[in-house]
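> Chain A is already provided as a structure; the job is to place chains B and C on it using the hints.
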Amino acid sequence: MKDNELNSLVKSIITSYNENPAGDGSPVGLPNRAEVERLIALMRRLLFPGYFDDAPASSTDLGWRVRDLLLEVEHRLRRQVALSMCLDTCGKMCDESYERAGDICREFFAKLPALRATLLTDVQATYDGDPAAKSVHEIIFAYPGIFAVMIYRLAHELHKLSVPYIPRMMSEHAHSVTGIEIHPGAEIGDYFFIDHGTGVVIGETAVIGAHVKLYQGVTLGAVSTRGGQRLRGKKRHPTLGDEVTVYSGATILGGDTVIGRGSVIGGNAFVMQSVPQNTSVSIKTPELDFKLRDIERKA
Amino acid sequence: MKDNELNSLVKSIITSYNENPAGDGSPVGLPNRAEVERLIALMRRLLFPGYFDDAPASSTDLGWRVRDLLLEVEHRLRRQVALSMCLDTCGKMCDESYERAGDICREFFAKLPALRATLLTDVQATYDGDPAAKSVHEIIFAYPGIFAVMIYRLAHELHKLSVPYIPRMMSEHAHSVTGIEIHPGAEIGDYFFIDHGTGVVIGETAVIGAHVKLYQGVTLGAVSTRGGQRLRGKKRHPTLGDEVTVYSGATILGGDTVIGRGSVIGGNAFVMQSVPQNTSVSIKTPELDFKLRDIERKA
Amino acid sequence: MKDNELNSLVKSIITSYNENPAGDGSPVGLPNRAEVERLIALMRRLLFPGYFDDAPASSTDLGWRVRDLLLEVEHRLRRQVALSMCLDTCGKMCDESYERAGDICREFFAKLPALRATLLTDVQATYDGDPAAKSVHEIIFAYPGIFAVMIYRLAHELHKLSVPYIPRMMSEHAHSVTGIEIHPGAEIGDYFFIDHGTGVVIGETAVIGAHVKLYQGVTLGAVSTRGGQRLRGKKRHPTLGDEVTVYSGATILGGDTVIGRGSVIGGNAFVMQSVPQNTSVSIKTPELDFKLRDIERKA
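Protein chains in written order, with this note's numbering: chain A, 94 to 392; chain B, 94 to 392; chain C, 94 to 392.
These are calculated hints, taken from the structure and not from any lab test. The reader is advised that the hints may include incorrect statements.
If chains are identical, the list can't say which one is meant, so a pair holds when it fits in one copy or spans any two.
What the hints assert, rightly or not - Only pairs whose alpha carbons sit at most 25 Å apart, straight line, appear in this in silico SDA-like list of lysine to any residue:
| hint | residue 1 | residue 2 |
| --- | --- | --- |
| 1 | LYS227 | LEU385 |
| 2 | LYS327 | PRO369 |
| 3 | LYS327 | GLU128 |
| 4 | LYS95 | ALA225 |
| 5 | LYS253 | ASP387 |
| 6 | LYS95 | ALA203 |
| 7 | LYS377 | ASP349 |
| 8 | LYS95 | SER255 |
| 9 | LYS377 | LEU102 |
| 10 | LYS253 | ASN125 |
| 11 | LYS328 | ASN113 |
| 12 | LYS377 | GLY347 |
| 13 | LYS204 | HIS168 |
| 14 | LYS377 | GLY359 |
| 15 | LYS384 | PRO149 |
| 16 | LYS377 | VAL316 |
| 17 | LYS185 | SER101 |
Just chain A, with the same shape it has in the complex:
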């Protein structure tokens, strides 16, 4: 590219920035998606010691490992949280946000042992529910449902601490890796099992009990979002009681829709009404047309 070409190109792109700024275009430091992904990898090593490390964890070096991981997570997380808060408030990098971010990290860390216990109930539910699972190790190494639910549980804690941006960046990383989208605002009980998972969508105001099982392609969604931003904050997504199972491709919509404890929603069902306890809901025996094909191929 010749110098004058380059110069005029640079000028036209900067003009485009000025004419069409994205967001408010302010020159604050911004939280960083790649950094958020790094944080997820670090936290995973903290929650499942040895499973994602380069060298085996031993009881003698466990203290050092945990300390190192915590210090690195704190350093990076605090910075991302502070940048997110600055972006939402003052528009520059301020000390108040950095202070507050330190408190948030402290509160977040205090939740980790309980979060870890809950996550292990999810691992157990996965093992109990899937005959193809050979061991708990396999689930931790390979199952996308556990990865997505781990990220959801971490993001949900940050969401409850009112951290902007980071929880959604985390949940969209899970979505990208697993095809499972769980909004950090959703409430989900213990022993949660998502099998296969691709295409699952769990909306911001969904409430899910304990021992719930979802299969691939399940949507817990809103009836209509035609109202757009006017609907913000309203309960738009369904409530599932304890021990509910939802088979693949089923869609359950609406903030007033409640699926009662122990009920089972069949594959591909489309549910916009509440369902009582211990009820099986299925689409009417699917009517199919069978016809002989014209044989169009040779041999």
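Relative to chain A, chains B and C alone:
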């Protein structure tokens, strides 16, 4: 592995290359998927300054940033375009292709400011349409729909410039990251919003108006591809007018199928016929079977 | 974080490890997901020489390339296989497993030429079946179906050699990248084509003939997994004969369900019974409600 084992293994694999070459097996340099992904990351930094950078963008260094990014994109893109053209034509690395690739980069760069303006209409449509979106920043950082649509808009420009391979490698990167597959040949208007997105498929000859909204699992597909390569180039995918909404899991098939302006296609609908303007199409009130479950569990 | 805070945090997390160990918590070296992904990238370069290399493959250096790749794959694969076997048996890094892993690598390598020939039938089926495919090169570079099927064919060989963990870690990498989940235990014939692919699930005991074509969102699944671990090893997933096509969103369930040779299962069909040869199965002409929308928007 012992030397003689290794030697015979190497021989058997090279024999397999000779007996079963992939493609025409010619020793030309080939375009590179990892390099294409690097290009997408660079272009994203150009389109959304600051959002994906390591250090905040400031008005004083913006000129340098843009210049650096443009020079790097030009260097890498020109090489990939040239390799793609060589692969499709002469089968060796030729100067003619490299020359032509330079022109193509120039034409592509000239489109960037307009493309950026269009992309910001997509961001706006996403904000307006999703009550869970807290700000425009969140959409740029986290929303998979915007990432997929950004890549589509870039790939579509290269497709129009008849660049082989690279546009499809780009769209499949988007597909991998987001679960959204948009063929670079599709035509899509302004203010395009894909919500959630996993499982969306938009075929090569689809035509989509402005202010269109698609949800997860929507297919804009062909009725049958039994004809295989004989169908190449035919319009096989549907046309959607302005302000059409298609809810999750709906399938719209066929090159002659036209969805009229302002119409709404309901969740899971299966549409193979045209739909007039301002029409709501939905599957007949889904009939469901409810039955009490045998209580098989204690407590 | 102050020292005493950090110390008590470290202590509480180590307490959580002791109270809630994941798996059996033994300090063996563990197989590593990142390493498995590296292995897949190396094997892909072996199977498709030149397509994923930084420099073009030429006939003069092919021998060296293949030798280098084989040596690296053997070194890394043997280690992962050995660690997996140790984890499942003795719980420490033992020489017996490392020996056995060497044999397994040897048997695996001997299968590569035949595996490569089969994989090229899959590439051919993809080209023949997709009018949007411009060339075989494009399929190798960009098509997610080929990436997923390549990984399935590699993982299936390791599965047959009774390697634990690694096959599932491989198939879940494919799932993450492509949205296509194929359990390594499934049996799949030549000329296999998955188009688009997001949301496809193929269960552990599925059996698929030659010249079969699947579209996005197809599930070959189990009727119910309520039995959990008691069902392990049973045939729970369907059998598809040669030349079967299954269109997008269709679900076929059950270990006794057999789809006869040459049959076609229509989009969104839900099939829990066997289907004879050469039969078209489709959902009854989908009944749709059309109604005029209230015009709620201006202009």
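> If any of the earlier hints don't hold here, list their numbers in rising order.
1, 3, 4, 5, 9, 11, 15 and 17
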